[in-house]
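Student: One letter stands for each residue in the lines below.
2 protein chains.
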Amino acid sequence: MGRFRGRSSTVLKPKTTQEVSEILKWCNERRIGVVPQGGNTGLVGGSVPVNDEVVLSLSNLNKVRSFDPVSGILVADAGCILQSLTDYVAPHNHIMPIDLGAKGSCHIGGNVATNAGGLRLLRYGSLHGSVLGLEVVLADGRILDQLTTLRKDNTGYDLKQLFIGAEGTLGVITAVSILTPPAPQASSNVILALPSFDNVLPLYQTVKRQLSEILSAFEFIDRTAYNLAVNHGQGRALSDEDVEGAECFVLVETSGGRREHDEEKLADLLESLLSADKPLVNTGVLSQSPSQFSSIWALREGVTEAVSKEGKAYKYDISIPLSSFKRVVDDTREHLRSKGLLHDKAVKYVLGYGHVGDGNLHLNIVADAYLPEIESALEPYVYEVVAAQRGSISAEHGIGAMKTHALPYSKSAVSIDLMKKIKNTFDPNGIMNPGKVLE
Amino acid sequence: MGRFRGRSSTVLKPKTTQEVSEILKWCNERRIGVVPQGGNTGLVGGSVPVNDEVVLSLSNLNKVRSFDPVSGILVADAGCILQSLTDYVAPHNHIMPIDLGAKGSCHIGGNVATNAGGLRLLRYGSLHGSVLGLEVVLADGRILDQLTTLRKDNTGYDLKQLFIGAEGTLGVITAVSILTPPAPQASSNVILALPSFDNVLPLYQTVKRQLSEILSAFEFIDRTAYNLAVNHGQGRALSDEDVEGAECFVLVETSGGRREHDEEKLADLLESLLSADKPLVNTGVLSQSPSQFSSIWALREGVTEAVSKEGKAYKYDISIPLSSFKRVVDDTREHLRSKGLLHDKAVKYVLGYGHVGDGNLHLNIVADAYLPEIESALEPYVYEVVAAQRGSISAEHGIGAMKTHALPYSKSAVSIDLMKKIKNTFDPNGIMNPGKVLE
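So the sequence lines, in the order shown, correspond to chains S and R.
Heads up: the first sequence is residues 1034 to 1472, going by our numbering.
Heads up: the second sequence is residues 1034 to 1472, going by our numbering.
Derived from the structure by calculation, the hints contain no laboratory data.
One should not assume that every hint holds.
Since copy identity is lost for identical chains, a pair holds within one copy or between any two.
[As the list claims (entries may be wrong)] Listed below are the simulated DSS-like cross-link pairs for lysine-lysine, each with C-alpha atoms no more than 27 Å apart in a straight line:
#: 1; residue 1: Lys1058; residue 2: Lys1456
#: 2; residue 1: Lys1359; residue 2: Lys1241
#: 3; residue 1: Lys1058; residue 2: Lys1342
#: 4; residue 1: Lys1348; residue 2: Lys1046
#: 5; residue 1: Lys1048; residue 2: Lys1241
#: 6; residue 1: Lys1096; residue 2: Lys1046
#: 7; residue 1: Lys1058; residue 2: Lys1454
#: 8; residue 1: Lys1372; residue 2: Lys1048
#: 9; residue 1: Lys1048; residue 2: Lys1381
#: 10; residue 1: Lys1453; residue 2: Lys1058
#: 11; residue 1: Lys1456; residue 2: Lys1378
#: 12; residue 1: Lys1454; residue 2: Lys1348
#: 13; residue 1: Lys1311; residue 2: Lys1058
#: 14; residue 1: Lys1381; residue 2: Lys1046
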């Protein structure tokens, strides 16, 4: 996004865990801050130095250590690129349990450090479940070896969990043991146009009941987001006639073990939706080919690209109850209008899309330029809205350098006190990624 | 099991989180130890006082706080019995993500505090993934409210994870927010007799590939365990002829969204197994009715009961590579024989069964009576075998009071040092479940 620019002049690229250990020991003794950096694809400035810290790039720690095709357990260095791991396990008919837009450059260590969510969370759960073990270098250089390849281990506190999502503030992840699921044999998808947002909830229930274990994505796109994606070249699956009167859209994906069974379930779902007395959807298009499958996904994934082409985006990645998705987008738009900021030279679009199954809304405000008055209209407004619903101000992007001030909107004083004590226990000199997560 | 007997005379049964808070504050100021107690069904003495601690029973904190049928998210007091929660969500077509033998009396809070595994882990993953939030009373009486109903929240350290599996040594869990999956529409199972243990691994790969997302259990039973269960009245599914020459048995369960699809997949699997040139199985019986489904499961679940009827059992619950399951059982038997302890008046049987998909072997040594010479022959022998394979000395049962001395076999000195620091941070006066997990 170009919103963060580091000021560090030193980048170290260790080749082994032992080298990482020596660097941290050296820095810790001298109270020198260290910023661990993976693929540098984060959205909240978590891997960017705020002062003159040393940047510790994990890019040369990039070997697969082992893979067991029976259990599907992969052990890889932190600097392995997500896509290369996907390619590595593919011949064994396994997939990585996470998938996200930045897969071509993000590192598995960074994924774990930021507890990345992405498109497969609905089906395969979070990294807190699929990461089996970690190797971490602590601030004082000690190596915490919890690189187990066991699915179950109930011997004491599950320390690795603390590093998942700590954004490098408690130690440097140098290797990851992760459970990879068997690859589905077949995937299909359908794009549905809904007359009203009110239909999303009952639709979600119907889809879950009918597709059960083969449901792998249920993505929401509001009309504004849809129009932007179409204007920028996506969305040929639905005709103009199809989308007339649609207030929002839902993309449903299935992934399963036998194509004919999956297609039968999806076709039956579509038929029952369209033939209902009071249909929840106006229309729906089922992908009939791999290229149509891709073009339906491109509509959803194209929203991000369309937003960046349209202007400067303020992106909020929030968890709120599903029933509030539309109201939060509408209220934010009205709030900006009431401040006189909804016009061509300020905010052009307010839109929402996201992962319904995870309760995760991406609220995007697309502006002509980043302006202080827009920022002060949005914050703390958005955070207050989220806090009022006991939501999360950062569902998957993390806190980084950008949202440390906003942490109290999602976490209680007791929680933050304990976090600070843990930070102090693991990193008493405060060298690990200073200025991130905790102020 | 009757191996642990508490010495405490005070049992408190608070009715609210606030009362729990007041009790802990009072005890903390006076340095009085507190043992949180759920259904008291643990196997390692985790909920039993070792001295004169106060027992804090959660049994009166037993209300469901909320359930959202759209998301499947349940919020319940810690003292709710697992079976009653299963019954609560059933009318909404949801199930609990865990299931275990003690479901009729164990508490959800105890399940979380001990990170219970059980029969559904293969399908629904561990509690580190399915628990979304916790309410915990800290040692000093402060209430840590992380009782979120969000699937995704990336704001700071995931503190709740520390309490999952901490066995009440860091605080008292008073409420749990948990994701309940949709109930499968159909379940089937099959019992397979294998000529050789060497066939278990290739069988597991074949079954995973053919059943994919509907595979919900893959349980291993060795011949000794099978014979014991049959002698105690289970196992009518297979005839004497069927089991002749079988070295071990595997129970496969499917759970899916549409009965005809699931049955077709399972029937095709069985046919391909039996018609192979070099069959991996001697024979297999597919359940044809709900009663046959139950009787096949009763064979697996009946092992525990048979063991307790046969004598006094030393139970080891270990994680090791699947390929070592048989060798560890055989080696243990030979080790006991070499010590002159394998006869009617000492060790009668050494047997193994467990969750193949989780790499979790239950190694049982059935003796005529608990004898010191058996115990000293088994420990540290079994722990050393596990450590040599980088396994876990407690896959799901925990550490409790019973295995604190054995923790170093599964955890490094750095890990244990960090655990002690965390313990000290959360509970500086050491009042929380003293003598458990850490020595």
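Student: Each hint should be assessed against the structure and marked as holding or not.
Tutor: Taking the hints in turn, this is what the structure says about them:
For the identical chains of this complex, Lys1058 and Lys1456 are neighbours both inside a copy (17 Å) and across copies (25 Å), given an alpha-carbon limit of 27 Å. For a Cα distance limit of 27 Å, the shortest separation of Lys1359 from Lys1241 inside one copy, 21 Å, qualifies, whereas the shortest one across copies, 41 Å, does not. Taking the shortest Cα distances, Lys1058 and Lys1342 never come within 27 Å of each other, neither inside one copy (44 Å) nor across copies (57 Å). When the C-alpha separation of Lys1348 and Lys1046 is checked against a cutoff of 27 Å, the pair qualifies neither within a copy, at 31 Å, nor between copies, at 48 Å.
When the C-alpha separation of Lys1048 and Lys1241 is checked against a cutoff of 27 Å, the pair qualifies neither within a copy, at 46 Å, nor between copies, at 37 Å. Proximity of Lys1096 to Lys1046 under the C-alpha cut-off of 27 Å is restricted to the intra-copy arrangement: shortest distance 14 Å within a copy versus 54 Å between copies. In this homomeric assembly, Lys1058 and Lys1454 come within 27 Å of each other (Cα to Cα) both inside a single copy, at 21 Å, and across copies, at 20 Å. For the homomeric pair Lys1372 and Lys1048, neither the shortest alpha-carbon distance inside one copy (53 Å) nor that between copies (49 Å) is at most 27 Å.
For the homomeric pair Lys1048 and Lys1381, neither the shortest alpha-carbon distance inside one copy (47 Å) nor that between copies (54 Å) is at most 27 Å. Proximity of Lys1453 and Lys1058 under a CA criterion of 27 Å is satisfied in both settings, with 22 Å inside one chain copy and 22 Å between copies. Taking identical chains as interchangeable, the C-alpha atoms of Lys1456 and Lys1378 are never at most 27 Å apart, the minima being 43 Å within one chain and 55 Å between chains. Taking the shortest alpha-carbon separations for Lys1454 and Lys1348, neither the intra-copy value of 31 Å nor the inter-copy value of 38 Å comes in at or below 27 Å.
Proximity of Lys1311 and Lys1058 under a CA criterion of 27 Å is satisfied in neither setting, with 66 Å inside one chain copy and 57 Å between copies. When the C-alpha separation of Lys1381 and Lys1046 is checked against a cutoff of 27 Å, the pair qualifies neither within a copy, at 42 Å, nor between copies, at 59 Å.
The earlier numbered hints that this structure contradicts are 3, 4, 5, 8, 9, 11, 12, 13, 14.
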